[in-house]
Amino acid sequence: MANDVVQGPDFPERDYARPEVNYLNWKQTVSSWLLSQDHKRIGIMYLVSISIFFVVGGLFAIMFRLELLTPEGDLLQADTYNKFFTLHGVVMIFFFLIPSIPAVLGNFLIPLMIGAKDVAFPKLNLASWYIFMVGGTIGVIIILVGGVDTGWTFYTPLSTSYSNTHVFLAAMLVFITGFSSILTGLNFLVTIHKMRAPGMTWFRLPLFIWAHYATSVIQVLGTPVVAITVFLVGVERIWGVGIFDPALGGDPVLFQHMFWFYSHPAVYIMILPGMGVISEVIACFSRNRVFGYEFVAFSSVAIAIIGFLVWGHHMYVSGQAMYSNLVFSLLTMLVAVPSAIKMFNWTSTLYRGNVVWETPMIYAIGFIGLFAIGGGTGLFLGATGMDVPLHDTYFVVSHFHYVMVGGMVMAYLAGIHFYWPKITGKMYSQPIAKLCAVLVFVGFNCTFFPQFLVGWLGMPRRYHSYHPDFQVLNVMSTLGASILGIGFVIPVFYLGWSLFYGKDAGSNPWGARGLEWEVCTSPPDPHNFHEIPVVTKEAYAYTGEETLSV
Amino acid sequence: MNFPLIPEQASTFAPNVDLMFYALTAFVGLFTIGITGVVIFLGIKYKAEPGRKSVHMESMKLELLWTVIPAIIALGIFVWGAIIYFDYQNIPENTLDINVIGKQWMWKIQHGNGKREVNELHVPVNKAVKLTMTSQDVIHDFYIPAFRVKQDVLPAKYTEMWFEATKVGTYPVFCAEYCGTQHSTMDGIVVVMEQDDYQEWLQGGPPVTPAQAGETIFQQMGCITCHDAGAASRGPILNGVFGREVALRGGETVVADEEYIRESIMTPSAKIADGYAPLMPTFPNLDEEDILNIIAYIKSLSDEQQ
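These protein sequence lines are chains A and B, in that order.
Going by our numbering, the final residue of the first sequence carries number 550, and the count climbs one at a time with no gaps.
Going by our numbering, the final residue of the second sequence carries number 306, and the count climbs one at a time with no gaps.
The hints are simulated quantities; they were obtained by calculation from the structure and are not laboratory data.
The structure displayed is predicted, hence computed values, not measured ones.
One or more hints might be untrue.
Said to hold, decoys possible - Facing chain A, according to a computed beta carbon distance under 10 Å, are these residues of chain B, among others:
| no. | residue |
| --- | --- |
| 1 | Gly29 |
| 2 | Lys53 |
| 3 | Trp66 |
| 4 | Gln104 |
What the hints assert, rightly or not - Dumping the calculated SDA-like pairs for lysine to any residue here, alpha-carbon to alpha-carbon at most 25 Å:
| no. | chain 1 | residue 1 | chain 2 | residue 2 |
| --- | --- | --- | --- | --- |
| 5 | B | Lys103 | A | Asn164 |
| 6 | B | Lys130 | B | Asp290 |
| 7 | A | Lys537 | B | Met60 |
| 8 | B | Lys108 | B | Ile91 |
| 9 | B | Lys53 | A | Ala541 |
| 10 | A | Lys117 | A | Gln37 |
| 11 | A | Lys434 | B | Ile40 |
| 12 | B | Lys167 | B | Ile6 |
| 13 | B | Lys115 | B | Asn285 |
| 14 | B | Lys299 | B | Asp287 |
| 15 | B | Lys47 | A | Ile432 |
| 16 | B | Lys130 | A | Gly319 |
| 17 | B | Lys271 | A | Leu254 |
| 18 | A | Lys123 | A | Val190 |
| 19 | B | Lys45 | A | Gln430 |
Even for Gly, the Cβ is constructed at its ideal location relative to N, Cα and C.
Please take these sequences and the hints and turn them into a complete structure.
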């Protein structure tokens, strides 16, 4: 098992000591978990809950991928199929993608990275988890009482006047779960502003923190808008107040504006934290400070700001005015630039570094490849004329899965594999994990690449049955999905195994820089730091002070 | 088993759109292979070696370069997309006008001479066709992949879309906006015919044109009692009103297009013509087809005058 721990050039002596008392074992009762105000335990509670939701969302996907093996609607009834893709979207977006990195890794790491003993409002942090679970419980109730079939986008007047499924409950779910997201964002903003250790200036913060700062701004400013929107959907549905249904005097396209005003920035809530993880992983496994730190940091902020101004690109064929469409298109093109800046800076970080090919790095490289495709196909859809034939086809489905799964989930897995030894104090088997990373990469491409092709051929999304010309590509996609499914299941086993039989990781198994690695033990102390550290170095001090400017 | 990989090109839009699609595909493909290739190459070239120190680099020149160049490329893509988009938006004169009504879950098509069909749209080749579309219930979307055209179809609003078919044949039509249970079966075909064949096909239609049908409704519903050319009429006279500017109470004016007439029938109090009292009742029993017929009738009143 000697290979389990990275050997590289310049990093401190390894420290194998697993602390006798750590945040995992210092209290063992159930209430010490469920009432814990420790950001690390709350992070673990999120990890367990979102993993369960991920399985639920995945099961829906398995069912409709099986349905799509044949052009006829034969496995599921149309209503069932519609409910399954709706629930897949709702569960994956609100209960996995949005909370995944912020609520699990963000919660766990932000105080450790900035040298704080906890987040600014520990009780609020616990409350966020409970609110999240109330939303989750409503989700389970919806599934048990018969589901909802409007798509996760709840377009009006279908959702307000025509659907006879549980739209009101779904609106409540979005409304309530949103508050969990708002409170987490608020907590992080205050924590990052007020709780940094002495010497931890803004430009010494790890880029993970910058990414979470930008994400939190979107969560705090954007989420209330979707809460208001779904509230109005509920009001129209229950009391018949005409807001969106033209039969009642409303405007259905108004809903789309309000919905996307949140739901497009929400895409950046999902991807920005992933970009933060990638910065950490690439710096550590290149043993180099991130190339163009300030550019990567400010590109996160730029994405958060411009991201608020591009919602209309979901509505090019909705009847929106031509010049509105052109303005939204122009702004959409601008938001591509900060993402490109990040990609180039990450790549350059490897230059003259010392690259260590461990599991998190393999996920990070996979992220770069898949995000290039996901972001690049966004250019197709952002260009007005090009979007007309592609809008609402499988091309769009594939595009956002390349960003959300190829980007975000790969980044999440990179982060989980990177911080697993810190979180649990145990090391998992590298060869198995690397093999699994390749499996996920291959399975992902086999699932979603054919969807680009079938979308370009003209297959609309949300189709229970389809034209026979589309069958071969759909079969390929379903086969790919089974590979991807296996790739997602294997980590449960080897990570679970490591908890009981894994070797103690030591405080800094990767030889990484940062307070969470260099000062904290693995697993960390219940209070993180015995005394608050004083920061004297920049982030990613892998190379000493010297910098070569060219 | 059919296994096409490239969609058929059957409209004037298709070649332009496809050129952009394949150019972007090549660009994104090369970018992806390029950047992934560089990462893997650097990862191997700079594989960790004991004793070699990492060298941290900074370069303002490079940062500017990879900010400015992607921005220029993105702007170029914006412009290219906009050029194609102008084509979609720029509806030519002298189109063949056809009405489309979407309802859960079928397409009703109404030709200029009154001929109607369901889930089938017959059009002549090499002739610009304009579809005026509305929905009876939820939002739908009329999508013809072979023509590369797509437009949402909204309730209580008219949206327009045009195309010129270039190849005789039969092509699928799909509803692209999720519209409830049978969304995926809300499909149909568009049949592109030689112009002569189309004329022949059209002649098989019913004797009643939309304008005639509209006139019948106009009389049945009693519209004629107020909108009458006779003395002291309580409503505006409709002869020649279509396409003209109408003065509204409060001093504003509005062009009497399809949208305005539809609103005046469905929500008469929304815009009151100057000089008239808001007396008109609503007509909730009219369906979208009736309204289109009435509009055709009012249009015909203008044509007669000219």
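Tested hints:
A cut of 10 Å between beta carbons decides the hint on Gly29(B): the least distance to chain A is about 8 Å, and the hint holds. For Lys53(B), the shortest C-beta to C-beta distance to chain A is roughly 6 Å, which falls under 10 Å, so the interface hint holds. This hint holds: Trp66(B) has a C-beta 4 Å from the nearest C-beta of chain A, less than the 10 Å allowed. A least Cβ separation of about 7 Å between Gln104(B) and chain A falls short of the 10 Å threshold, and the interface hint therefore holds.
Taking the CA atoms of Lys103(B) and Asn164(A), the gap is about 17 Å. The hint holds against a cut of 25 Å. For the hint linking Lys130(B) to Asp290(B), the alpha-carbon distance of about 20 Å falls within 25 Å, and the restraint holds. Between the alpha carbons of Lys537(A) and Met60(B) the distance comes to roughly 22 Å, so the proposed pair stays at or under 25 Å and holds. Using a Cα cut-off of 25 Å, the hinted pair Lys108(B) and Ile91(B) holds, with the two alpha carbons roughly 22 Å apart.
At most 25 Å may separate the alpha-carbon atoms for a hinted pair to count; Lys53(B) and Ala541(A) meet this at roughly 12 Å. For the hint linking Lys117(A) to Gln37(A), the alpha-carbon distance of about 11 Å falls within 25 Å, and the restraint holds. The straight-line distance between the Cα atoms of Lys434(A) and Ile40(B) is roughly 15 Å, inside the 25 Å bound, and the hint therefore holds. In summary, the hint linking Lys167(B) to Ile6(B) is supported, as the alpha carbons are separated by about 16 Å, within the 25 Å threshold.
For the proposed pair Lys115(B) and Asn285(B), the alpha carbon gap of about 23 Å is at most 25 Å, so the pair holds. For the hint pairing Lys299(B) with Asp287(B), the CA-to-CA distance comes to about 18 Å; that is within 25 Å, so the pair holds. Between Lys47(B) and Ile432(A) the alpha-carbon distance is near 21 Å, which keeps this suggested pair within the 25 Å criterion. Taking the CA atoms of Lys130(B) and Gly319(A), the gap is near 15 Å; set against the 25 Å cutoff, the hint holds.
This hinted pair checks out: Lys271(B) and Leu254(A) have alpha carbons roughly 21 Å apart, not beyond 25 Å. Simply put, Lys123(A) and Val190(A) have alpha-carbon atoms about 14 Å apart, close enough for the 25 Å limit, and the pair holds. Using a Cα cut-off of 25 Å, the hinted pair Lys45(B) and Gln430(A) holds, with the two alpha carbons roughly 22 Å apart.
In this structure, none of the earlier numbered hints is contradicted; all agree with it.
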